[in-house]
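K.L.:
So you can see what is in the structure, the chains are spelled out below.
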Amino acid sequence: MAAPNVIPMADIMLVLLIIMMVVTPMLQKGVQVDMASAKNWENMPNADKDDAIIVAVSHDGHYYLGNQDIALDQITSTVKDRIANRLDKEVYVRSDERAKYGDVKKVVDAVRDAGVDNLGLLTLKDETGPTQPPPPVPGGVNPGTP
Amino acid sequence: MGMAVGHHGTSMSEPNIVPLIDVLLVLIIIFMAITPTTPTGMDTLVPQPPPKKQQPQPLINKTVVVVVSADGKVMINQTPTSWNDLGPQLADIFKIRADKTAFVKGDDDAEFTYVARAIDIMRGSGITNVGLITAKMEAGQ
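Each protein sequence line maps, in turn, to chains A and B.
Numbering of the first sequence is given in our numbering, commencing with residue 1352 and proceeding in unit increments.
Numbering of the second sequence is given in our numbering, commencing with residue 4 and proceeding in unit increments.
Take these hints with a grain of salt, some might be off.
DEER-style ranges, computed between Cβ atoms [what the hints assert, rightly or not]: (1) Ser-72/B to Lys-1431/A: 28 to 36 Å; (2) Ala-36/B to Asn-1397/A: 22 to 30 Å; (3) Gln-81/B to Lys-1476/A: 15 to 23 Å; (4) Lys-103/B to Leu-1423/A: 28 to 36 Å; (5) Pro-91/B to Met-1364/A: 51 to 59 Å; (6) Ala-94/B to Met-1364/A: 54 to 62 Å; (7) Gln-81/B to Ile-1370/A: 51 to 59 Å; (8) Thr-104/B to Leu-1365/A: 54 to 62 Å; (9) Pro-91/B to Lys-1431/A: 40 to 48 Å.
Worth flagging that the hints you see were computed from the coordinates, not collected in a lab.
For glycine and all other residues, C-beta sits at the position ideal for the given N, C-alpha and C.
Build out the structure end to end from the sequences listed, making use of the hints.
P.N.:
The structure is reproduced here in structure tokens:
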């Protein structure tokens, strides 16, 4: 009747707990959107900074600034306030790939009204295949074929 | 001989490193899972309206606008093209140009993924400045 040694398990569980505590706030940065992927991406390290202005567009047409819900008519004034004392007036747009481009355009317009002329469209890295991306085929419809 | 005696029954027992290895392995796995993913994206421009007094610049007829329609078709200016030909055609147009600027115009009902793909292809064919044409911009505001 050997008692199982639970001390190593407790060690692991404690470490897991600590890691989860550290990681959880990081995961909540921004809302969950399925970004489009791009082959010709570039690194945007500034979008990872705490004061980065990231407007997210969800697939159902809701807007989020950071992880907060925001109305379209609030975006211009809020962004204007936040870039007022900045040198790099870059705003990032995280759009769901299924979002209507009309919704994205409204954000672009709102941000443009705030005086921003550099816009980063955040995408995922697509590191497969050739440099020329193939035509998109969501929903099984291939728009590339005539 | 002394060595043999020391090896035999003293309190110098080997430390149990198995739990340590367990913990380290879990740490490694966790850190592999949350590798610091630098955000990536595509830089685009949204030109500001010209100052009021200034006469609005007529759109130069050499400007290239890639148009994405609601059903996911793509055109260069007015010429319909296919997604596969878009890249080579743009590369052709911009091979001899110094100003690597082109614009994207998308229908309101087009999915963003198509527009993103168009911008991706444009960047892949040597266009460094991709401008977004929006409703207000078309209205000249």
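K.L.:
The structure should be examined with respect to each hint, and the outcome stated for every one.
P.N.:
Do the hints match the structure? See the list:
{"no.": "1", "hint": "Ser-72/B to Lys-1431/A: 28 to 36 Å", "in the structure": "holds, 33 Å"}
{"no.": "2", "hint": "Ala-36/B to Asn-1397/A: 22 to 30 Å", "in the structure": "holds, 24 Å"}
{"no.": "3", "hint": "Gln-81/B to Lys-1476/A: 15 to 23 Å", "in the structure": "violated, 34 Å"}
{"no.": "4", "hint": "Lys-103/B to Leu-1423/A: 28 to 36 Å", "in the structure": "holds, 32 Å"}
{"no.": "5", "hint": "Pro-91/B to Met-1364/A: 51 to 59 Å", "in the structure": "holds, 57 Å"}
{"no.": "6", "hint": "Ala-94/B to Met-1364/A: 54 to 62 Å", "in the structure": "holds, 56 Å"}
{"no.": "7", "hint": "Gln-81/B to Ile-1370/A: 51 to 59 Å", "in the structure": "holds, 56 Å"}
{"no.": "8", "hint": "Thr-104/B to Leu-1365/A: 54 to 62 Å", "in the structure": "holds, 56 Å"}
{"no.": "9", "hint": "Pro-91/B to Lys-1431/A: 40 to 48 Å", "in the structure": "holds, 41 Å"}
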